[in-house]
Amino acid sequence: MRQLSIFFAYFAQYAKRRLAYKGDFFFEILTGLLGTVSTLAFILSLFYLTRVDAIGHWSKEQVLFVYGFTYIPFGLFNVLSLNLYHFSQRYIIEGRFDRILVRPLGTLPQVIFESFRLQSLHEVVVGLAIITICARAMGAPLAFADYLLIGLMAFGGFGVLLGVFLILVSVSFWFEDRIGIAPPVYNLIMFGRYPIDIYHGVIQFILKWVIPFAFIGFFPSARFITSGGEFGGDLRIAFWLTPLVGSVVLFVAFCVWTLGVRRYSSTGS
Amino acid sequence: MDLATYGSTWQEPRPAWREVGRFFARYLAFTRMSFLELLAYRLRYYTGVVTYLLHVSVYYFIWSAIFEHRGGSIAGFRFQEMVTYIAVGWVTRAFYFNNIDWDMAEDIIEGRIAAELTRPVDYQVVQYASALGEALFRFLLFALPISVVICAVFPVRPPSSAASGAAFVASLLLSLLIFSGINFIVGVAAVHLKSIMGLIRAKQFIMQFMSGLLIPLPMFPDLAERILETLPFAGMAHYPLQIYLGKIHGAQVGWALTVQALWAVALFIIGSALWRDSTRRMTIQGG
Chain F
1 MRQLSIFFAY
11 FAQYAKRRLA
21 YKGDFFFEIL
31 TGLLGTVSTL
41 AFILSLFYLT
51 RVDAIGHWSK
61 EQVLFVYGFT
71 YIPFGLFNVL
81 SLNLYHFSQR
91 YIIEGRFDRI
101 LVRPLGTLPQ
111 VIFESFRLQS
121 LHEVVVGLAI
131 ITICARAMGA
141 PLAFADYLLI
151 GLMAFGGFGV
161 LLGVFLILVS
171 VSFWFEDRIG
181 IAPPVYNLIM
191 FGRYPIDIYH
201 GVIQFILKWV
211 IPFAFIGFFP
221 SARFITSGGE
231 FGGDLRIAFW
241 LTPLVGSVVL
251 FVAFCVWTLG
261 VRRYSSTGS
Chain W
1001 MDLATYGSTW
1011 QEPRPAWREV
1021 GRFFARYLAF
1031 TRMSFLELLA
1041 YRLRYYTGVV
1051 TYLLHVSVYY
1061 FIWSAIFEHR
1071 GGSIAGFRFQ
1081 EMVTYIAVGW
1091 VTRAFYFNNI
1101 DWDMAEDIIE
1111 GRIAAELTRP
1121 VDYQVVQYAS
1131 ALGEALFRFL
1141 LFALPISVVI
1151 CAVFPVRPPS
1161 SAASGAAFVA
1171 SLLLSLLIFS
1181 GINFIVGVAA
1191 VHLKSIMGLI
1201 RAKQFIMQFM
1211 SGLLIPLPMF
1221 PDLAERILET
1231 LPFAGMAHYP
1241 LQIYLGKIHG
1251 AQVGWALTVQ
1261 ALWAVALFII
1271 GSALWRDSTR
1281 RMTIQGG
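Going down the list, the sequences are from chains F and W. Under my numbering, the residue at position 103 of the first sequence is numbered 103, and the numbers go up by one with no gaps. Just add 1000 to the spot in the second sequence (first one is 1) and you have my numbering.
Derived from the structure by calculation, the hints contain no laboratory data. Be aware that one or more of the hints could be misleading.
Claimed, not checked - Non-contacting residues of chain W with respect to chain F, defined by C-beta distances greater than 12 Å in every case (computed):
| id | residue |
| --- | --- |
| 1 | H1055 |
| 2 | W1063 |
| 3 | G1246 |
| 4 | H1249 |
| 5 | W1255 |
Claimed, not checked - Derived, one-sided and incomplete: chain W residues facing chain F with beta-carbon distance under 7 Å:
| id | residue |
| --- | --- |
| 6 | T1051 |
| 7 | L1054 |
| 8 | I1066 |
| 9 | G1071 |
| 10 | I1074 |
| 11 | G1198 |
| 12 | A1202 |
| 13 | F1205 |
| 14 | I1215 |
| 15 | M1219 |
Glycine included, C-beta positions come from ideal geometry on N, C-alpha and C.
Okay, chain F solo, but in the shape it has when bound:
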């Protein structure tokens, strides 16, 4: 509960700072929106400007649903992720982490919430808009209950994203990250935005069992893009497993982080 009150304290600080520069905030949402639109440019122009109307056996609407869905967990992740990208440089190498350690508060919430990007929530809105449109285009418009389910699945995907990058970041408690291992993993997210059966078996395996990015878009969308018989067996199991996978990854990440912090403070670096 203490952690929760810290969260609110940080958030209040952040909100105060943000609202002091209202113009800035809206400008950042605008540029953020531009960035988001740019990631849509490829797939939208592929389907609507060229003669391509399917990828594999997946129709336009199905692919776009999966792609659009990924914006929801990704937007949530981006709200908290800024500090993670610079963690190794800012906190370990520049020694800011020591400052965090001496505070009588949890390290993880501090690092995560020290850079809050509320404007990234616009991606959640974009994602919801896209899947709503696609579902209607497929003849299966989303009901209120569907949105609740989507919310649950999105949290699963969010857990996977946050967990994976927390683990990556924790590595810098053991090794100095001079080569930058985050960018390749970050680019792996691209793979999770499309139906994974278009990939080579090895890649599918990695996306399901190693770095489970199949759970940030494809699996959580499965129920909404397939109908009847198609949505069976493994696909159905994977769909319902999404929240569990997210929780497990997040839990593992928390353990790794805690171990890392312990090691960091014990070696007195």
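Guided by the hints, dock chain W onto chain F, whose structure is given.
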């Protein structure tokens, strides 16, 4: 002053070629500097190889699935050609890419620009020279390794002929000039805007989309294709790749290279004018 002192200040008039030599020597120093700087951080580029491999892979699989379902060709592109298109497109991006806009924004925001302006060198040419150094570095330690890896993994075809290969190289050098020119102009905007992050992101979006890197321009509707072909962005991917794949030959290649060259020059001139105007304002304000 007396004749003796005056005589000692007399200098031989320098031949023109030596002036040119000095000019190049001055700016090549910046090329060398940028090259060495990047060399010091080359470790980070190793993961860059993986990143580019991932980019090529995801588009490979997407197009593979598209053609598997569809068969045949789209706008004259068969699947095998698409594979080469994607691979070569990204490898060349690895070559001509730079962050001049970002570097300039930092120079301006951190106030270094005042010092830069007092130097006896043209800031714009310095940026271009640094871009050249970066391109050299990228060619040797980035684009080459990436192309080795990608060609080992994917069935990439060589240029359709020796002539198209040579024209392709020329086209690439012009791409570098165009890219640097666009970046420089974006960088100039940093003088007037608080943050050009949004502008940079918009530029990336426009480039990727309109250059033909992700979707070959011939796949777009006719009118769109024709408009895009006249814009500078087409010089980043469309023209070099069309030349490489042999989809245009003879006079058309000459025309493509001319369009690229014209844009390279135009962007330099525009950038120069914008820069001079922006910095004049700066010095008047005594900043």
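Comparing the hints with the structure gives:
no.: 1; hint: H1055; verdict: 7 Å, violated
no.: 2; hint: W1063; verdict: 9 Å, violated
no.: 3; hint: G1246; verdict: 22 Å, holds
no.: 4; hint: H1249; verdict: 25 Å, holds
no.: 5; hint: W1255; verdict: 25 Å, holds
no.: 6; hint: T1051; verdict: 5 Å, holds
no.: 7; hint: L1054; verdict: 4 Å, holds
no.: 8; hint: I1066; verdict: 5 Å, holds
no.: 9; hint: G1071; verdict: 12 Å, violated
no.: 10; hint: I1074; verdict: 6 Å, holds
no.: 11; hint: G1198; verdict: 3 Å, holds
no.: 12; hint: A1202; verdict: 5 Å, holds
no.: 13; hint: F1205; verdict: 3 Å, holds
no.: 14; hint: I1215; verdict: 6 Å, holds
no.: 15; hint: M1219; verdict: 4 Å, holds
When the structure is compared with the earlier hints, violations turn up for hints 1, 2, 9 and for no others.
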